[in-house]
Structures are given as structure tokens and as C-alpha cells.
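Protein sequence lines, in the order shown, are assigned to chains A and B.
Residue numbers for the first sequence follow this note's numbering, beginning at 667 and rising by one.
Residue numbers for the second sequence follow this note's numbering, beginning at 667 and rising by one.
You may find that some hints are simply not true.
Which copy? The list can't say, so a pair holds if one copy fits it or any two copies do.
[Stated by the list, open to error] Pairs of lysine-lysine, DSBU-like flavour, derived with a Cα cap of 30 Å:
#	residue 1	residue 2
1	K748	K889
2	K821	K787
3	K690	K844
4	K746	K856
5	K856	K748
6	K856	K821
7	K721	K697
8	K697	K821
Since the hints were derived computationally from the structure, they do not count as laboratory data.
2 protein chains.
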Amino acid sequence: MAGNRARIAVDAMGGDYAPIEIIKGAIRASKELDVDILLVGNRQQIQASFQDSSKFSNIEIVDADEIIAMHEGINELRRKPKASINVAMDLVKKNRADAVISAGHSGAAMGAATLKLGRLKGIDRPAIGAVFPTLIANKSVIVLDVGANVDCRPKYLEQFALMGTIYSKYVMGINTPKVGLLNIGEESSKGNDLALATHKLLENNETIPFIGNAEGRDILSGKFDVIVCDGFVGNVLLKFAEAVGDVVLQIMHEELPQGWRGLLGTFILKSNLKKLKQRIDHAEHGGGLLLGVAGICIISHGSSRAPSIFNAIRLAKEAIDHKVLEQINSYGDKLIPESPN
Amino acid sequence: MAGNRARIAVDAMGGDYAPIEIIKGAIRASKELDVDILLVGNRQQIQASFQDSSKFSNIEIVDADEIIAMHEGINELRRKPKASINVAMDLVKKNRADAVISAGHSGAAMGAATLKLGRLKGIDRPAIGAVFPTLIANKSVIVLDVGANVDCRPKYLEQFALMGTIYSKYVMGINTPKVGLLNIGEESSKGNDLALATHKLLENNETIPFIGNAEGRDILSGKFDVIVCDGFVGNVLLKFAEAVGDVVLQIMHEELPQGWRGLLGTFILKSNLKKLKQRIDHAEHGGGLLLGVAGICIISHGSSRAPSIFNAIRLAKEAIDHKVLEQINSYGDKLIPESPN
């Protein structure tokens, strides 16, 4: 393996289509991206999943003979030190890898990351950031948290806003990201208790380029680069948005005209529907980034297939290349005194 | 005016396009639906907005010379007894009307409804229900609350579930509505503090046909007839969903092929895009129904034009015809002892 390349540990056993789809995605990444891959899991199963017998110089298998199943609690993390997600996190802890990707039990991935890697300075609660497309071509918005913290305090949201700002600035290249607080109205007087208190914190934090409340309709508008919310609202939104793409395509199919006009229209539009799906389908983005732990960790969908895993590896590489962790850490001192709650 | 027809008070002064679009919608309803309309507002402005001078036997103007502007607080309700929304509510209170429709200040409409009409038996907090389309043609789901209560206690959500059940049963004709709790996972162990406590209440309430948690992806799936959530999450979702229709159409337009193939495809699909928009656009449903106050009250969008107002009047008529209030009231006794929180 090369010296300075991003080294990415992939939980080969996690996800509905593990290990075969996970491995396919990893192989593609090993060919197309400048990365070293550590496939973590049962060696025999992994080797059986390689469709050709050729060797890949930048893929290595790391043994892990246990798994944490989707129905199991995160207490299993302690009972199964050799679970693939634990072994993958250990690789980051021991500085053998820079990032972990898992499409397995997301609670277990978050738990393992927090327990093994610890949190960055100034961060009480790591958050999962999800990238949504916007109306403006090639412009995305990062929404966080989308599921790590279902009950939040105002200072957690302030920390999410800082992490989102750093991500937007250093990974997405937005010089002064427009940061919004998800809320039910534009006015600062609007919102639930959490939003009202968070609004004040954000207004007074000079490190965060806060521009005000973002309503539901603003998420996809492109008016914001970063939107913060608690993990309950964010998770509901994310899953709703993911489903919308399929719903729209199905309704469109149903509403298309019958007969030859319909066939013609469908034929002409077929390739474009695919492009459309790519823009509205969140899965294309590879997964959520767990921000706030001392290591890059991508939480992919349980339903991830090879393309999602490939995209997740690319996302991890971008986060590594742009030194997201170091940036968050360097701002940690500024956070703490400004969080009275 | 006829004796047994639904009598609907329309706040002619509320909304971005008031009074002209409000009045157009009301005139259409007066022609196409079996209703009597009471147009509430400034008589001169209303009369000037009638495009022809013909008389409508089932439209009456009721004077109200003040308005509550969008930027004003709801304290203005008490300072302006002659505000159109107050006068409209008074008509219901005095049994001169069965329902109120307003596209004006939604907080003022809710406040006036609660203050003037009072709450139904067993209901602590009225909720706004919004009807979403689903993947299944002609099947809708009612989501509540979508904005009346941003901080909720578990028993409020239990009350929303009961009101949604009654609405689904009597207005939408679903014999045993499938009721869900909006949450971040299917398991009863998932959720924030509010969802966890509400899950227990719903499980133990025999009047509510609760079938479990609904995730974000389930909202449009057609698996549920009623979904309950707090008004913060519901409002964010509603506004997100409303925007999605426009976003999809715009992306589709951008992604359509250039040149003659694109023109042909666009031409063929044009009428179908309109049908598609109707299915995904919430505005087509006319607005949200404020459930739990002792009167039918429809909160329409500020941006409502004539078709939305027409749909809102139809929605009000359905609620009146199906005696939604009487049904909720008759279940009130069953609610109170089952709400320990």
C-alpha cells in the first residue's frame, strides 16, 4: 500500500446486500479512486465474493469473525469485540486507517465510533450530516443531524452548525456558507423551545455564518448551504425525501399517456428520467457523514448496493483530503464558552 | 339562502391575493357546490372585486372593516373585534355559519377559533390536519399536527390520533383507519422522549386503531390513513412536501433533452405534467383543517388563489356534511381518563 493515500476501512459484513455488493463497490473504488481499502470481515466469505481471482494491490482483508445484526442492541458492541464494525474502528484508532464506512447497524456504527474514537474537542454529541440536492444545479445543502440525536439541547445544535460550516467550507468549497436553523417560520420569534433557544445561540456565535431560519420549503431551494435540526426531524425528512424520488417516478409513470404517444414520450424521456432520479435520490450521495468523532465515519444505508458504497468511499476520501477533523478540532475552543445550556 | 345547506363564512380579506382571488374561489363554489357563502370583509372592496354585476342568491356580504396583517401578533385579535377573522368566527358562534375559511394570518385564525368557539370535549390542543397524496391512486393520508402546536405532550398526540381517526372514518370513508405515529424507526423502542411516551398511550387506547410507527418513507406509501406528529415536525414536512412538486418539475424541465426530441417529449407530456402536479401539490387540497375547536375551520395557504379557496370550501362542506365535530365530541369522554400525562 502506498504511503500518503487515504486508507479506508470498509465493513464488508454490514448491510442488506453484504458482503457481495459492499465488495463490488470497494473494488470499483480501488480502481477508480486513489485510495487503499481495508475490507473488514470474514475472510472466507470476502474471498468467495471476489468475482475474479486477480489480486488488487490496494485492497487488503482484515479478519473480523463476528457481526452485529440489525435486530441486536448496541450493547452487543461490548460483547463482540471482534464484530466487523469494532475491528474497523480499531483500525482508525490504531492509525492503520483514516476512515470507516459501514452500511450495517447504524446505531452500532455510531456507538463504536464514539466509544473507540472519542469525540472531538468542544463536541458533546456527534451528528450525522446528509447532503441534499437543491434546485440549483451542482449546489448541495448539508442537513444535520439526520438521526444520531433524537432529543437535543440548544448547544448541540450550535455544535452541529459549526461542524456543518466547516464541512461546507473545506469539503464543499463554500467560502462563507449560509447556515440556517430549520424552523416553522422566518421570524426569530417562531419555533419550538429548542429552536427559539438555538436561534439566540447561533445569532451570537461569530464563528458561524448564521443567516436565519430555514423553513421546510427552503431545504431544496439552494438558499442555504448548511441547515441544522435535531436528529428526529432530520431523520423523518431524510427518509421522506428519499422516498419522494420513487413516488414521483411512479406517479409519472401512471400519469403518462396511454398508447403510442405515451410510448414515444416514455422512450424519449427514459434516459432523462435516470438523470432526474440521480438528482433527487439521496442514495447517490453514498450516506451520511458522522461528524464530531475523532475519525471519519460514513454511515451508509442498509440498502446500499455497490454504487452507494463507491460514493461513500469517495465521500470519505474527500473528508480526509480536506482535513475535516483537524478543522473541527481547531475550532473546539471557540465553542465551549458560548454554550451556556 | 336555503335552510339546510352548509353555510360557509369566508374571510375575504385574508391572504396574499385577497380579496380578488378569494372572492373568485367563493363565486365558483357558490355555483358548483350546494353551499351558502358569507363573504366577510370590507363591503366596498368586496363589491369592487365582483367581475360582473350579477347577483348571486347564495352569496351574502358581512361587514368587517379591520384586518389582522401577516406581521401583526395575535394580540391584535382582542384589539380588533371587527377584524374579518373575528367577525367570521362570530358567525359560527352565533350559528349563522357552520364553518370558517381563511387564507390570512394562520396564528390569528387559530387564536380566534380557540377563543371564540372553544375546544371540543377531551381536546386540550386543536391541531391542523393536512391531507397528503399517496402512491396509491385516490388514497390520501391525513397528517396532524402540521403547525398549531410546536411543543407537544404525549396526550396531545393521542388526541390528534383520535381526531384523525374520526376524520378518516367519517369524512374519508375509511372504516378502520390505519393510524401511525411518525417516528425514526419501526420498533417501539425507537424515538425521542415524546414518541416513546406517545407510543405507549396509543398502544393502550382501544378507540384508536394504532398499527405502529410510521417512518418518513411511509408517509406517501399509502400504508397509513392517519399519521400523528408534533406541529413542528409536521410543519417542516408539509412545507418540504409542498416545495418538492415544484422542485421536481423544475429539475425535469432542466433534464429534458435539448432540441427537437425535447420539444416533442415536452409537448406530449405537457398535459400529463399538469396531472402530476395535481397529485403531488398539496395546495390542491385547499388547506389544513383545524380539528378540535367547536366549529369547522379551514386554514388555507397565504398564497391561495381561487382554485385553493374553492377546494377549501369543498373540504369544509365535507366536514360539515359528515358531522365531524359531533363525532369528535361524542368520543371526548373516552379520551380524558386515558391521558395520564
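Evaluation of the provided hints:
1. K748 / K889: Neither: 45 Å inside a copy, 39 Å across copies.
2. K821 / K787: Within. Shortest intra-copy distance 14 Å satisfies the 30 Å Cα cut-off; inter-copy 39 Å does not.
3. K690 / K844: Answer is neither; intra-copy 37 Å and inter-copy 40 Å both fail.
4. K746 / K856: Intra 46 Å, inter 23 Å, cutoff 30 Å: inter-copy only.
5. K856 / K748: Cα proximity of K856 and K748: across copies only (26 Å, versus 49 Å in one copy).
6. K856 / K821: For K856 and K821, the Cα distance is within 30 Å both inside one copy (18 Å) and across copies (23 Å).
7. K721 / K697: Only inside one copy: K721 and K697 sit 12 Å apart there, 77 Å across copies, limit 30 Å.
8. K697 / K821: neither (42 Å within a copy, 56 Å between copies)
Of the numbered hints listed earlier, those contradicted by the structure are 1, 3, 8.
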